[in-house]
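Those protein sequences? They're chains A and B, same order as listed.
When we follow our numbering, the leftmost residue of the first sequence carries the number 262, and every step to the right adds one.
When we follow our numbering, the leftmost residue of the second sequence carries the number 657, and every step to the right adds one.
Note that these hints are calculated values from the structure, not bench results.
All of these numbers come straight from a predicted model, not from anything done at the bench.
Heads up, the beta-carbon is just placed ideally off N, CA and C, and yes, glycines get one too.
Treat the hints loosely; a few may be bogus.
Said to hold, decoys possible - Listed next, with one range per pair, are the computed distances between beta-carbon atoms:
1) S280/A x D683/B: 50 to 60 angstroms
2) S421/A x N688/B: 13 to 23 angstroms
3) R437/A x S693/B: 17 to 27 angstroms
4) Q659/B x E390/A: 15 to 25 angstroms
5) S693/B x D413/A: 33 to 43 angstroms
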Amino acid sequence: MNDERDLQLVKQTLEGDRSAFGQLVEEYQMAVVTVAYNVLGNRKDAEDAAQVAFMKAFEQLASFKSDFRFFSWLYRIAVNEAINAKKKRRPLVGTDHIEAESTERSDRMTEVNELEDRIDQALMDLSPEDRALILLRHYQNFSYPDIAYIMDITEKKVKSRLFTARQRLRGIFETRGITAQA
Amino acid sequence: MTQEIIDLIQGAVDGVNTSQQQQALQDACESNASIQSELDSALEVGRILDSGIREIQPSPTFKARVMDSLPEQPAWSKTRAPIRRRSSASIFKLPARPIFSLAYGLVAGALVAVAVMTSISPQLGGISNRSGAAGTMVDTDLELFSDRITLSTGEDISIEAVEADKLIRVEVAGDVDETFDITVILAKSGDILYEQTLSPRQN
Numbered sequence: 262m263n264d265e266r267d268l269q270l271v272k273q274t275l276e277g278d279r280s281a282f283g284q285l286v287e288e289y290q291m292a293v294v295t296v297a298y299n300v301l302g303n304r305k306d307a308e309d310a311a312q313v314a315f316m317k318a319f320e321q322l323a324s325f326k327s328d329f330r331f332f333s334w335l336y337r338i339a340v341n342e343a344i345n346a347k348k349k350r351r352p353l354v355g356t357d358h359i360e361a362e363s364t365e366r367s368d369r370m371t372e373v374n375e376l377e378d379r380i381d382q383a384l385m386d387l388s389p390e391d392r393a394l395i396l397l398r399h400y401q402n403f404s405y406p407d408i409a410y411i412m413d414i415t416e417k418k419v420k421s422r423l424f425t426a427r428q429r430l431r432g433i434f435e436t437r438g439i440t441a442q443a
Numbered sequence: 657m658t659q660e661i662i663d664l665i666q667g668a669v670d671g672v673n674t675s676q677q678q679q680a681l682q683d684a685c686e687s688n689a690s691i692q693s694e695l696d697s698a699l700e701v702g703r704i705l706d707s708g709i710r711e712i713q714p715s716p717t718f719k720a721r722v723m724d725s726l727p728e729q730p731a732w733s734k735t736r737a738p739i740r741r742r743s744s745a746s747i748f749k750l751p752a753r754p755i756f757s758l759a760y761g762l763v764a765g766a767l768v769a770v771a772v773m774t775s776i777s778p779q780l781g782g783i784s785n786r787s788g789a790a791g792t793m794v795d796t797d798l799e800l801f802s803d804r805i806t807l808s809t810g811e812d813i814s815i816e817a818v819e820a821d822k823l824i825r826v827e828v829a830g831d832v833d834e835t836f837d838i839t840v841i842l843a844k845s846g847d848i849l850y851e852q853t854l855s856p857r858q859n
């Protein structure tokens with residue numbers, strides 16, 4: 262889907278066509294749930310946060326400005342929602358690992374390759390913000406300016422935090438023997 | 657390692673370096689093996705992340721859940737300007753405020769003002785020299801509806817639709833001494849798609 266098409270769907274939604282918003286949900290649901298999952302660590306919470314993100318996007322749709330892509334705007338809402346949801350959850354030590362392993366295990370056994378599984382676990386050692394940052398860069402290929410907008414930080418901060426997060430991941434990957442060929 | 661080298665390595669991982677920056681990085685690597693090692697490690701981390709981040713497929717009911725959770729009437733639906741089309745045969749002008757009130761007051765669900773007005777028209781029949789009348793109907797599931805009604809009114813007609821829970825109240829007020837045809841078609845969103853006010857009818 263291109264940006265022009267997104268803008269048209271936004272316009273139609275604002276004119277009262279809810280099905281147009283449905284098309285936007287259809288288009289971006291996987292990306293939004295994926296980023297929420299990477300912040301929150303389990304599917305149920307991720308879907309809840311993604312649902313709230315779409316709801317907020319709908320409620321705030323009139324405030325959307327086409328200076329940025331709709332997708333970036335939606336992502337900004339989703340990342341904030343996921344991070345906030347993460348902060349509201351009970352601060353149990355190791356929660357991310359436990360949930361990621363227990364609630365997703367059955368899915369993983371059948372459909373997920375081992376590398377994804379191990380990277381998943383490694384990402385859970387980062388802060389929710391850094392996980393989101395890594396995802397924006399390596400999963401969605403957002404540019405530095407887009408990431409800065411989505412995370413509401415400066416471009417310089419994006420670069421320095423990416424550097425720190427990757428350094429940390431590098432150590433984790435080395436410790437756990439994770440390589441691109443694994 | 658200097659900040660400049662760190663930035664160059666980051667740029668290489670993210671593929672955003674210019675050709676000059678790439679050349680500078682290559683020169684630095686050739687003159688310092690630890691920079692080359694650092695670059696190799698950073699690129700490996702980038703490759704792992706590029707290839708191994710899992711996509712999460714939402715559950716089959718996710719979209720439906722989202723759509724069901726959307727508010728029927730978001731705040732912006734109350735504030736934006738309605739789409740208005742006026743027929744060419746508009747002789748009698750309704751006051752502006754009540755017409756806007758009509759548009760803004762409707763719930764963004766299924767409501768058609770004409771249906772509302774039709775429902776109250778029997779109450780208006782036979783009214784003479786009275787200053788007001790009112791009717792109420794429950795929100796309907798109609799998406800689009802058009803009809804024509806006859807109101808007995810005077811020059812000071814006002815029509816307002818007011819949301820009150822799930823009820824829509826329409827009030828028509830005026831000195832009743834002439835008859836007009838009024839047609840209003842509203843979309844489900846509350847937009848006025850069509851409105852027409854015809855002449856005082858010669859009875």
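Sort out which numbered hints this structure fails and list those numbers smallest first. none
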